[in-house]
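Kindly generate the complete structure, drawing on both the sequences and the hints.
Protein chains: 4
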Amino acid sequence: MIKQKDSCQIKEELHEECGVFGAYNTKGGDIASWIYYGLFSLQHRGQESCGIAVSENRDIRYYKDMGLVNEVFTPENLDKLHGDIAIGHVRYSTAGSSVRANAQPLVTKYVKGQLAIAHNGNLVNAVDLREELEKNGAIFQTTIDSEVIAYLVARERVHCPSVEEAVFRAMPYIQGAYSLLVMSPRKLIAARDPYGFKPLCIGKRDDTWVVASETCALDTVGAEFIRDVEPGEIIVINEEGLASDRRYCNLAEKSGRCIFEYIYFARPDSVIDGVSVFNSRIMAGKILAQTHPVEADLVVGVPESGNDAAMGYALESGIPYGRAFVKNNYVGRTFIKPKQSMREQSVKIKLNVLKDAVKGKRIIMIDDSIVRGTTSGNIVQMLKNAGATEVHVRISSPPFKYPCYFGTDIPNRDQLIANHYTVEEIGEMMGADSLGYLDLDRMGEMVEGLEYCQACFNGDYPLAPPTRDIRGDMEF
Amino acid sequence: MIKQKDSCQIKEELHEECGVFGAYNTKGGDIASWIYYGLFSLQHRGQESCGIAVSENRDIRYYKDMGLVNEVFTPENLDKLHGDIAIGHVRYSTAGSSVRANAQPLVTKYVKGQLAIAHNGNLVNAVDLREELEKNGAIFQTTIDSEVIAYLVARERVHCPSVEEAVFRAMPYIQGAYSLLVMSPRKLIAARDPYGFKPLCIGKRDDTWVVASETCALDTVGAEFIRDVEPGEIIVINEEGLASDRRYCNLAEKSGRCIFEYIYFARPDSVIDGVSVFNSRIMAGKILAQTHPVEADLVVGVPESGNDAAMGYALESGIPYGRAFVKNNYVGRTFIKPKQSMREQSVKIKLNVLKDAVKGKRIIMIDDSIVRGTTSGNIVQMLKNAGATEVHVRISSPPFKYPCYFGTDIPNRDQLIANHYTVEEIGEMMGADSLGYLDLDRMGEMVEGLEYCQACFNGDYPLAPPTRDIRGDMEF
Amino acid sequence: MIKQKDSCQIKEELHEECGVFGAYNTKGGDIASWIYYGLFSLQHRGQESCGIAVSENRDIRYYKDMGLVNEVFTPENLDKLHGDIAIGHVRYSTAGSSVRANAQPLVTKYVKGQLAIAHNGNLVNAVDLREELEKNGAIFQTTIDSEVIAYLVARERVHCPSVEEAVFRAMPYIQGAYSLLVMSPRKLIAARDPYGFKPLCIGKRDDTWVVASETCALDTVGAEFIRDVEPGEIIVINEEGLASDRRYCNLAEKSGRCIFEYIYFARPDSVIDGVSVFNSRIMAGKILAQTHPVEADLVVGVPESGNDAAMGYALESGIPYGRAFVKNNYVGRTFIKPKQSMREQSVKIKLNVLKDAVKGKRIIMIDDSIVRGTTSGNIVQMLKNAGATEVHVRISSPPFKYPCYFGTDIPNRDQLIANHYTVEEIGEMMGADSLGYLDLDRMGEMVEGLEYCQACFNGDYPLAPPTRDIRGDMEF
Amino acid sequence: MIKQKDSCQIKEELHEECGVFGAYNTKGGDIASWIYYGLFSLQHRGQESCGIAVSENRDIRYYKDMGLVNEVFTPENLDKLHGDIAIGHVRYSTAGSSVRANAQPLVTKYVKGQLAIAHNGNLVNAVDLREELEKNGAIFQTTIDSEVIAYLVARERVHCPSVEEAVFRAMPYIQGAYSLLVMSPRKLIAARDPYGFKPLCIGKRDDTWVVASETCALDTVGAEFIRDVEPGEIIVINEEGLASDRRYCNLAEKSGRCIFEYIYFARPDSVIDGVSVFNSRIMAGKILAQTHPVEADLVVGVPESGNDAAMGYALESGIPYGRAFVKNNYVGRTFIKPKQSMREQSVKIKLNVLKDAVKGKRIIMIDDSIVRGTTSGNIVQMLKNAGATEVHVRISSPPFKYPCYFGTDIPNRDQLIANHYTVEEIGEMMGADSLGYLDLDRMGEMVEGLEYCQACFNGDYPLAPPTRDIRGDMEF
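Chains as they are written, first to last, in full-length UniProt numbering: chain A, 1 to 476; chain B, 1 to 476; chain C, 1 to 476; chain D, 1 to 476.
Don't read these hints as lab results, they were simulated from the structure.
Accuracy of the hints is not assured; some may be wrong.
Label pairs and their in silico Cβ distance ranges [what the hints assert, rightly or not]: (1) C:V347 x A:R468: 47 to 55 Å; (2) D:M66 x A:R247: 42 to 50 Å; (3) B:K135 x C:D439: 51 to 59 Å.
Calculated cross-link-like contacts (lysine to aspartate or glutamate; reagent style EDC-like; alpha-carbon spacing at most 16 Å) [to be verified]: (4) B:K286 x B:D439; (5) B:K327 x A:E304; (6) C:K80 x B:E475.
Fair warning: this is a prediction, and the values are worked out from it, not measured in the lab.
Don't be surprised by glycine CBs; every beta carbon is placed ideally from N, CA and C.
In structure tokens:
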């Protein structure tokens, strides 16, 4: 099970690294507050920092800080943001770079005026690009890829007729995952890397175009889903409407579409590249029921990410779906962890078992993934202590074996339990009566035959991973 | 559906007014931090203010403030609280008295030293008691009942050999609902009113006695459930252990046990007076399926409080249990409500429909209650907009018709929709294809035959309601 | 030298314990914000907590918290306070009771409605009164004297026709120092103890009566000084104007008027009981010049409290007045004290010497008092290090030998350096070339012959000091 | 009178724009906390934002934010800053760019690693430099000159053997005022522009070199003054000690030394380029007494900046120096300004008159400058209302006629009263009985014959002022 950073850390955590949301009202209407609600519905994609940049009277202004959308934006500062074009960003990052300087959107001045950039994904050649730029005198104030992209766009813009053309010319330099929003005072540009690693979709409500990481954000602002941005496509929205530049489409040999968006990251009410996230989770559960059947009395999910696959398992197997856990929703970022005498209670504070529901029962427990495996055993034990006679664990993804370099913080190989033990051994270590993972060769059924990246499971990266890390942040 | 104040206001809200948690380590061990975790698991009972009082070296100290347990207590101030006896409180209140002065525990000095009081429930004769005390020169600095109780105990203690005896002598004056913790520097006393309105239970872990509003809090600190405090019972815990005073037990003619704890307030993993809250909700769903059957494709709950009854309905009816909604868990107290152009999005920001799950389906939607009915219709409409062909609403409680005076903020009769319209009319107003409430005469099955208070449904109050309100708060 | 707590701790500190300010607009005009500015000008009398209570539409409301007036009151909360009657309070306290519960005004409900109390001074029989009240069932939630006074007034009010009569009847029970404001929904009452320990004055501007601790607060709100409240007098202001009850006037055998208000506490622009504080300080300097003359090149004050007496010394002696120090005004309460390698810099960070002004000069350095004497030597040394050839220290008050029990935190006898060493010894310990204190028998010239309390210098208390301390605070 | 922004706004305000402080312990000792105290003593040079960057183990880290040193740095974050090299900055700015992004030091990565820059002064060709850099692809994230300087240094460093050489090569591009600190992981570099606009001095304590805007900061950390950095000089401090590069010294035709540092900006305990600031103010007062004598009873300063010149006037004229005002030191940045009925009190809240000191007297009132002249009249009127029979105003600087482009926010010509009225007219408008300014041709006596910039008085700029403004900030 993989959980949001701020409120649900029950055991291991994986994180999406960002969400973006932009809007353009072509009649000049003020849509700044839309970004607030859009980011709010993308909060699961990043809980560390957030920001909004607006273009008001062809002047770009912004506000960003560490914290949840709810915390960063107050009625006072939201009231100061107005504009007919606006973009926003929510961000997660690994500990080292959780600093204010890295909050997005990145707003800069460059040769043609102002530019705001919001980016979801990870470049694999960021270090090389930085070095090359530094060799030409560049200075870097952050460790985010958006700053690299801003430089590349600025560099191209010097010799190039429009900002969208500068984005087009910068793209060949940028290798890796990016779902990108670029706002100039007059234009909203969206670009998705040719591999399509990260989702990006287009919606519309009346005179307002919306671009967002997930369709759930379109629903939130009442926008109708129009279509996904295609891998390699550049979208330009200006007063006259939306135009598309497909010169880079169909260039990637392999798809980079992240299967883990379906397994865990995305909100279940989103539809990515035509496939419902919810349906894909139900399907994962069904496949598990077919491939790893077992006799039992109850199918339960580890809340909340395991619930949908559990429902799928129940539907397919005919074993009743039920509930075994109560999660405490009040565990926030400021939660004080127990020490000494209370340490063994750590999981229980966040997750309690419904004893009456599991006592004397054979349980099938569905979770979305196992990373380090350190606390999964605790949960199995909690079920047994509550009287479950058997606990069969089913995981709605294949075993993690390789790190991700494209915007997900799957840790390095040493820390992944599946690199050290067999499935049987892991099951035993957890105290489970059986353990079954989703079969790699059936995973494609989850996404109705779409192509996707499964490198975290089989190491087959669509793009060569980076060989060096970026140097650490300086702010603290 | 009735929701927690801070994070889940989807439509109408009802609130529990408090939760209490106390602990005593009879070997002198420090259990102050237990209260933090105990309160944390009772946070659903009150999100407005909270506090902890400890007895360290026979000296009582406290800290309390407005906010969630997570917000009020920091590592710094929690580290300053130590003691082998401690009590804590979480509080909800109606707007007027949401002031810092009213946070609990109330800590006072009186004739025999120090006293800390934490109280769940509402007295019905508080105004009379205040007037009587004022006529003898009392001054009041808050509008909470704990202050009245402190006065009564202090008054008795002048002529009485022990604090527990003072509590005993004060009880006849106190009419209404109270699950009460009283801490002196050397003793922890718990008392439950003879009607047993509010839950209160006893647990133990090694040398530590725990008293809490709900058993889920015992689980959180790893304490074993011993038994419920009986209606009318006074429990005294001191260095020598636990003693019970049952002189007031069995005195009430009617039970005041709040059925709404089972329907909505309590956490599903709690067991109150021997009945599992989870089971009672499953049972409510089953009864609904028996009494209000309908042909349909899917049974769904309005999250999260409707989910358990929905599972019960599904089990009984054989119609598959499913999921129709995704709730945004990031809606906190500081959430900025949309204005103007976005207003119609208000519910959608908090609750989105899984279109793929409901499209073309006949849905049975289970919610726990209808108060004003103002937004239930929106949710029905959301399902229909998403393509549901039929929406049948089932409510896992009878229609609210009467206000509660014992610790729940059910509003006055005028605001309760069930006093103005028939069930058919309400269903029509909601746009539901049918509407069914839990039958009043079958409600008892939820609690396995326990006696209970159902005054909010039929006006049959176990104790005469108050005739006057307390005057308003002065702090703001 | 004795300094304000928050920003000027250069060496020893003494503190006034409170300031009060009240206003009543007899035509119903809103004067709530006057209290803000009045308290602001009395901030030197207490920097720990503050509060304002207003009577709006005959309903009393309040806001108070820890912090400076500037910090506690924001435009938002000040905008919520309206009324034609209002009182405010600024408070200092010794460390133990620096808790939020002790902030004033104390607002209570009692037999006849609402009551707000703000108090400057210390009762000497508070412990006895508390015990007596507790024996009748009272509970105490704070350790401030205002709570005792509120009880006494409430007790009398039960059998008494008006609140002002209740104040009158309560006064015989209250022994000690009090300059008191009592606000009922319709009246503003001011009372000063028969000894006149603490100042209290009356002003008027158009239809608004003002009562304040010092006249500087009248200036701030543009009110004209009318007269001081007499020792023992009770003032009642209602819609019809101001009335006076002098039944307790002239009852005290001795005056309790605090000479230290003139020496250090009060603002120099205040006039107390007819004597200008500024003039009294100039006079102290002149007397020092007469009684402790010395040949020198420059007279300087330790900023800021020594400056006025230094000017007086210069005027009388003919030696030029000059400046030797620059104080850093940015030392606030959150200033981080140096550790280890920087410790010897501690005084220098707050106070630097003007080397060019003192080099090669014989300096007379005036300070207002010496308490523990621990850091005065540092300042003398700083002057010598900067090149002063001689440093003659003159103190504008006699040596402190006895603690104060009436509202000043002069520490106990053991800690007062003058109880352990002769004047010569103290001078030597400081490294001064000579040391001279104000002569006790000439101190009266400072206040133009007014009677006053000089107990801190000679132990001759106008009222017997208390024999017991109040028990400690419970909040932290 | 010109006042600090945060606490003393009595009338018009002028602001210094920055202060810098750096230290290097050549034995590897931790001196991070020195920066805190150094900045603290330079707080008068900028109260808007501040920051500290350290080099610890050859890695640069920083913390900066809006607020006073006291507010930004807590024990927690100060404890995280360690290093043997460190620089800090305090900043003031005009309203538009008071944003967090503009706080300094600016810390960047560039071709050779890390770089931190802190800068006092204003470039006159910043807009041109930005445009040129942008034409080569640069992006700008702030509007501060430090970012321009960082780019120039980074650009040079690409082709140049050391960071100090890069600073050297960048300097010809940089026109305007700069007292600059540059920290690389191993070096501390200080540079002062060839005009010497802003002060910069060197101190030493044991193994630690210190570079600071003013000598008062050396005193604060116990460092001995070594010498001023010469105009045009580059200082390099590394493990081996301090080296100097004077290749740009003596290049400027005119001195840019800011006379206003002596008149108002600098702390009186500082010595700049060999002249004591205190002495220069005393001298200004003496010159005023010689050039604008008048019969009177008392010489007073408008606190606090007028006091020293007032002492000089008194010394020269033989008229006694006295005190006429009491300033409220508690007026902080969050002070709520009076509205409506209290508006006329606005000045009085901050400044009250000592009526007893001025009544019946002829007063000479010394202030340091008049900018817009809007409130000076109020102060004269306050003296007259308090009974002064005559008020003669003397200003310790010549009339302001021209704006400053080198780091002081003297407003544009239209807003300067001296451009609209004669001295006589201004005196009349203020209600003064006479008005005298310091004579421009005698001003040099203040600084003992040093060369200086007097462009704000006579428009004779040592360097051509900029023709264009930088575009506004985007953050808010």
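Which hints from the list above does the structure break, by number from lowest to highest? No numbers; nothing is violated.
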